[in-house]
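Residue numbers (this note's numbering): 9 to 65.
Hints were generated in silico from the structure; no laboratory data involved.
What you are looking at is a predicted structure, and each value in this text was computed from that prediction instead of being measured.
A virtual CB, placed ideally from N, CA and C, is assigned to each residue, including glycine.
Please note: incorrect hints may appear among the correct ones.
Unchecked claim - Under the rule of at most 27 Å between Cα atoms (straight-line distance), these lysine-lysine pairs were calculated in the BS3-like manner:
1) Lys-20 <-> Lys-30
2) Lys-41 <-> Lys-13
3) Lys-30 <-> Lys-41
4) Lys-42 <-> Lys-30
5) Lys-41 <-> Lys-15
6) Lys-15 <-> Lys-30
To be verified - Listed next, with one range per pair, are the computed distances between beta-carbon atoms:
7) Met-11 <-> Tyr-35: 42 to 52 Å
8) Lys-41 <-> Met-9: 46 to 56 Å
9) Glu-18 <-> Val-39: 41 to 51 Å
10) Leu-10 <-> Lys-42: 26 to 36 Å
11) Lys-14 <-> Tyr-35: 29 to 39 Å
12) Trp-19 <-> Lys-42: 34 to 44 Å
13) Lys-42 <-> Met-9: 25 to 35 Å
14) Lys-42 <-> Arg-12: 29 to 39 Å
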Amino acid sequence: MLMRKKKLEEWKAEEEEMMLEKMAEDYLTGVAKKGKMATGDNLAENEKQNWVYKIEN
């Protein structure tokens, strides 16, 4: 029973992490789109890469 509870907690933690990663990716996509409209592709892509690096580390 204890093992099931531990597995459930691990699964919930993984699910939450995946949800946060999805939210971050959606946010970065929006920032990149806004940046492309305002400043061009290169600057927007650099900003997106910087955020991805910060999230991963």
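Comparing the hints with the structure gives:
no.	hint	in the structure
1	Lys-20 <-> Lys-30	15 Å, holds
2	Lys-41 <-> Lys-13	42 Å, violated
3	Lys-30 <-> Lys-41	16 Å, holds
4	Lys-42 <-> Lys-30	18 Å, holds
5	Lys-41 <-> Lys-15	39 Å, violated
6	Lys-15 <-> Lys-30	22 Å, holds
7	Met-11 <-> Tyr-35: 42 to 52 Å	36 Å, violated
8	Lys-41 <-> Met-9: 46 to 56 Å	48 Å, holds
9	Glu-18 <-> Val-39: 41 to 51 Å	32 Å, violated
10	Leu-10 <-> Lys-42: 26 to 36 Å	48 Å, violated
11	Lys-14 <-> Tyr-35: 29 to 39 Å	32 Å, holds
12	Trp-19 <-> Lys-42: 34 to 44 Å	35 Å, holds
13	Lys-42 <-> Met-9: 25 to 35 Å	50 Å, violated
14	Lys-42 <-> Arg-12: 29 to 39 Å	45 Å, violated
In summary, the structure is inconsistent with hints 2, 5, 7, 9, 10, 13, 14 from the numbered list given earlier, while agreeing with the others.
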